[in-house]
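Using the sequences provided together with the hints, build the complete structure.
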Amino acid sequence: NDGFRDFMKPYVQGKGDSDGVIHYLQGTPNKSYFRPYQSINYLESHDDRCFIDSITENPNHDGTNPTPNDVRRARLAMATMFMAHGVPMLAAGQDFLRSKSGIQNTYQRGDLNVLDYDRLDRFRDLHDYCRKWIAFRLSTDGILIRLTEYPSESFWREYRPVDRQSSAAGLLLNADSSMTGPQLLFAINPEETEAKLPITAGSCGNALLIADAERFDLKGLRDDFLKLSRKQIVLPPLQLALWRME
Numbered sequence: 000n001d002g003f004r005d006f007m008k009p010y011v012q013g014k015g016d017s018d019g020v021i022h023y024l025q026g027t028p029n030k031s032y033f034r035p036y037q038s039i040n041y042l043e044s045h046d047d048r049c050f051i052d053s054i055t056e057n058p059n060h061d062g063t064n065p066t067p068n069d070v071r072r073a074r075l076a077m078a079t080m081f082m083a084h085g086v087p088m089l090a091a092g093q094d095f096l097r098s099k100s101g102i103q104n105t106y107q108r109g110d111l112n113v114l115d116y117d118r119l120d121r122f123r124d125l126h127d128y129c130r131k132w133i134a135f136r137l138s139t140d141g142i143l144i145r146l147t148e149y150p151s152e153s154f155w156r157e158y159r160p161v162d163r164q165s166s167a168a169g170l171l172l173n174a175d176s177s178m179t180g181p182q183l184l185f186a187i188n189p190e191e192t193e194a195k196l197p198i199t200a201g202s203c204g205n206a207l208l209i210a211d212a213e214r215f216d217l218k219g220l221r222d223d224f225l226k227l228s229r230k231q232i233v234l235p236p237l238q239l240a241l242w243r244m245e
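Under our numbering, think of the first position of the sequence shown as 0, with each following residue one higher.
Calculated from the structure, these hints are not laboratory results.
You may find that some hints are simply not true.
As the list claims (entries may be wrong) - List time: in silico DSBU-like cross-link candidates among lysine-lysine, alpha-carbon distance up to 35 Å: (1) 218 / 14; (2) 131 / 14; (3) 230 / 131; (4) 30 / 8; (5) 131 / 218.
Predicted model, so just to flag it, every value in this text is computed and none were measured.
Below you can see the structure in the form of structure tokens.
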């Protein structure tokens with residue numbers, strides 16, 4: 000799904016839109032795919048620049064030493080890829096921010112094409128974060144993002160900021176309780192300012208935050224984002240959240 004890749008690069012830099020990210024989270028429906036698992040969602044492959052080189056704030060597309068914002072944006076992109084319907088494809092080394100030093104065509108550049116495993120030690124926390132997302136996708140609850148058929152529109156509940164100029168978005172899975180088990184609510188804010196997403200009454204039951212851009216814990220995390228009393232999600236800049244709701 001080249002569209003997924005081409006959308007996510009600018010999206011995590013705050014240059015996308017909420018409609019687009021919801022569309023790709025839903026498995027790119029009404030396009031080229033008869034079933035969701037026919038969409039192979041990816042951010043980088045073996046050719047061209049690595050993802051971190053494509054989005055880095057550094058000059059010359061050189062992601063060798065990514066900025067804190069670069070790392071955060073890579074986390075947002077990978078979490079969205081794991082959360083999207085379809086089959087996620089993680090390129091070798093992407094989980095530790097593989098870089099080709101900004102070089103686009105690395106044909107016959109073994110020094111750049113080789114995997115630098117020193118980066119695995121350097122970005123071990125991101126590697127572990129990806130492992131937890133993979134385990135979640137393969138879990139019982141993860142069946143909600145492993146559908147074999149596109150669901151009805153009532154399966155989803157979409158959230159967009161009151162300020163439609165923001166590209167933040169939220170998506171509730173199993174909104175109609177058509178599948179046995181919990182509901183999942185995913186929200187993302189790729190902007191450099193906070194985003195507020197309205198929550199309609201009754202959309203959230205017993206909500207447990209299990210992931211944000213830094214952490215993933217099925218036992219639950221401290222939740223400063225979901226403001227049920229004010230019926231809104233408040234996401235800080237470059238942040239995401241995943242709730243499991245009974």
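Okay, the hints, checked on the actual structure:
no. : hint      : verdict
1   : 218 / 14  : holds (34 Å)
2   : 131 / 14  : holds (28 Å)
3   : 230 / 131 : holds (29 Å)
4   : 30 / 8    : holds (20 Å)
5   : 131 / 218 : holds (13 Å)
Hint compliance for this structure: no hint is broken.
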